[in-house]
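Peer 1: Chain A is fixed; fit chain B onto it per the hints.
Top line first, the protein sequences correspond to chains A and B. The opening residue of the first sequence carries number 1 in the UniProt record's numbering; numbering runs sequentially from there. The opening residue of the second sequence carries number 1 in the UniProt record's numbering; numbering runs sequentially from there.
Fair warning: there could be bad hints in the mix.
Pairs of lysine to any residue, SDA-like flavour, derived with a Cα cap of 25 Å [said to hold, decoys possible]:
1. A:268 x B:143
2. B:24 x A:35
3. B:158 x B:120
4. A:158 x B:158
5. A:277 x B:253
6. A:222 x B:156
7. A:277 x B:222
8. B:162 x A:11
9. A:162 x B:253
10. B:270 x A:4
11. A:277 x B:245
12. B:279 x A:10
13. A:24 x A:55
14. B:24 x A:7
15. B:222 x A:139
16. A:245 x B:292
17. A:277 x B:257
18. B:162 x A:4
Rather than coming from a laboratory, the hints here were simulated on the basis of the structure.
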Amino acid sequence: MENGEVPEDANENCPGPQSESAGKSDSCQGCPNQEACATAPKGPDPDLVAIAERMATVKHKILILSGKGGVGKSTFSAQLSFALASLDFQVGLLDIDICGPSIPKMLGLEGQDIHQSNLGWSPIYVESNLGVMSVGFMLPNPDEAVIWRGPRKNGLIKQFLKDVHWGELDFLVVDAPPGTSDEHISIVQFLQATGIDGAIIVTTPQQVSLIDVRKEVSFCKKVGVEVLGVVENMSGLSQPLTDFKVFDSSAGGAAEMCQEMGVPFLGKVPLDPQLCKAAEEGRSCFEGQSCRVSAPVLRGMIEKLLKVKEWNQDELQHAENGRV
Amino acid sequence: MENGEVPEDANENCPGPQSESAGKSDSCQGCPNQEACATAPKGPDPDLVAIAERMATVKHKILILSGKGGVGKSTFSAQLSFALASLDFQVGLLDIDICGPSIPKMLGLEGQDIHQSNLGWSPIYVESNLGVMSVGFMLPNPDEAVIWRGPRKNGLIKQFLKDVHWGELDFLVVDAPPGTSDEHISIVQFLQATGIDGAIIVTTPQQVSLIDVRKEVSFCKKVGVEVLGVVENMSGLSQPELVAFTEVFDSSAGGAAEMCQEMGVPFLGKVPLDPQLCKAAEEGRSCFEGQSCRVSAPVLRGMIEKLLKVKEWNQDELQHAENGRV
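Excised from the complex, chain A in its bound form:
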């Protein structure tokens, strides 16, 4: 988008509000934005420079996406962050769901406030090597709705990247809301210059989820973000007596979709009431024995991902030494 995004109400053949001829070309005559375009400053966004400075100390950035809501993105983001932190990586978890921020709850951080230092906003630390940022920490009253249109949400996401002192991170995990709209376009725009390692996409088995998730895979391909892999969550319910399919997977589930769309399939996480409970209580599923149905599966996926991506030899050593 070199010449800026063409506005909703622009004339045909709009040269783009960032182009040299913005507001001045023949096609601009009579356009409602003409004056604004002619007078507004052009050139690169200075905020992107600030973001690049902050991101210079971040080794890997992973987006957690889904076309579909309620499939377990935030649960996965939280548990992934717990897992990486337990492997002694320095982890940042950024929640860019502005309307429905789930991350504070899932990390046991409800009621916390953000403090500022001369270095910028401080993430909230669950452990010394796991820092979290979310709009959830900024709401005076948790019941209060954040009724913001796109531009305002984009502004806050920008601040999360340029004003937060993340420090030296091995991994920045970004938990996104469902969809392919403002938050998604923006996070890619803001981070792409400094490199996005890729996206993990979460789905559930049924077609109505896969329909949306296929769109998310397309989004990633379109904007040039690698799909690191797809997780099929809530994949059946294991109960001591029997295995039980809750969400219909007769259309082949995520595995078949991945085959068709040429993206890696990371595996199936069963629907585990204990995992839900851990999320409710802000606990790592890897602590204790309660999540014995889901934790081993999640652990396996994460280790496989680290290995496949060869996220540097030191990190592989981490995986062998500090086994989750």
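Peer 2: Positioned in the frame of chain A, the structure of chain B alone reads:
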């Protein structure tokens, strides 16, 4: 928002881009929007007039909302529409989830195209009295992502209201995406002048859903939309074969019933997690047909009948409910 919404980058004390002094007042000096505001036309949005004309033939409008994704809004919207249609009401189902439209799938309408007549865009009819509209019908390739920012989504939602020939409807059911952002602000802005009967809010039992849903209740209160009731979906799993009941999503914090009590909104009831309901949704079927959804269908039916009764949606409609029992 009489004087228009104050833009992101406006000066302090912005009079509002729709006000008489927009772009001309002292506070406008140096504002990046100054020129645009000074030259742009003021006054009511003509599209709202067109929407009012279309909505003049719609008796009741219900929004299906949730703060949380994946709790079953679209499933509920679809089954509510099937139920109302089977009671011989004239029903329109409008899907305003632009990025993740689920409604075509759930009504068995995948692959359908929108046709236009001189009256406007035609809804896709599942049955003669159940018409559906969704961006899902406009995508040449279903895998193609709709990567639109807010203003463009708002523009399409506006078109769904002013360009679609809904005709005479008893109910317009509007299925929204999760959240409290562009789509939600816009649908309320576009419909409020002609009256919104209220919103049904869907949640699941666990706190992480309720946190978001409480925000949705707050949103409704803030914008003046009545909460008709809250549905707690996926409320445990019944396995009749095993005579066993499993709580899948933790409800130890009291679930939706307690939240409704605290926030002073009606609780409509709990729908159990029913794999057969999922299957019906996958196949675009009404859960009220056949016997397969015997765990979930009676509960849904009870909720809908109760709602019609409580709201007394006119005597004729009550008669519908008794005659054409789902």
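Peer 1: Holds or violated: residue 277 (chain A) and residue 222 (chain B), Cα atoms, limit 25 Å.
Peer 2: violated (32 Å)
Peer 1: Would the pair residue 268 (chain A) and residue 143 (chain B) pass a check requiring their Cα atoms to be no farther apart than 25 Å?
Peer 2: holds (22 Å)
Peer 1: Holds or violated: are the alpha carbons of residue 24 (chain A) and residue 55 (chain A) at most 25 Å from each other?
Peer 2: violated (36 Å)
Peer 1: Can the restraint linking residue 158 (chain B) and residue 120 (chain B) be considered satisfied, given a maximum Cα separation of 25 Å?
Peer 2: Satisfied, since the Cα-Cα distance of roughly 13 Å is no more than 25 Å.
Peer 1: Just to be careful, I want the Cα atoms of residue 245 (chain A) and residue 292 (chain B) compared with a cutoff of 25 Å; is the pair within it?
Peer 2: Holds, at about 15 Å.
Peer 1: Mind checking the alpha carbons of residue 162 (chain B) and residue 4 (chain A) for me, to see if they're no more than 25 Å apart?
Peer 2: Not OK: residue 162 (chain B) and residue 4 (chain A) at ~30 Å, beyond 25 Å, violated.
Peer 1: Does the alpha-carbon distance linking residue 222 (chain B) and residue 139 (chain A) stay inside the 25 Å limit?
Peer 2: holds (16 Å)
Peer 1: For the pair supplied as a hint, residue 158 (chain A) and residue 158 (chain B), is the alpha-carbon distance within the 25 Å limit?
Peer 2: violated (29 Å)
Peer 1: For a C-alpha distance cap of 25 Å, please report whether residue 277 (chain A) and residue 253 (chain B) respect it.
Peer 2: Within the cut-off at roughly 11 Å; holds.
Peer 1: Would you check the hint for residue 277 (chain A) and residue 245 (chain B), treating anything up to 25 Å between C-alpha atoms as holding?
Peer 2: At roughly 17 Å apart (the allowed maximum being 25 Å), residue 245 (chain B) and residue 277 (chain A) satisfy the hint.
Peer 1: Check the hint pairing residue 162 (chain A) with residue 253 (chain B) against an upper bound of 25 Å on the C-alpha distance.
Peer 2: violated (37 Å)
Peer 1: If you draw a straight line from the CA of residue 162 (chain B) to the CA of residue 11 (chain A), is it 25 Å or shorter?
Peer 2: holds (22 Å)
In summary, the numbered hints that this structure violates are 4, 7, 9, 10, 12, 13, 18.
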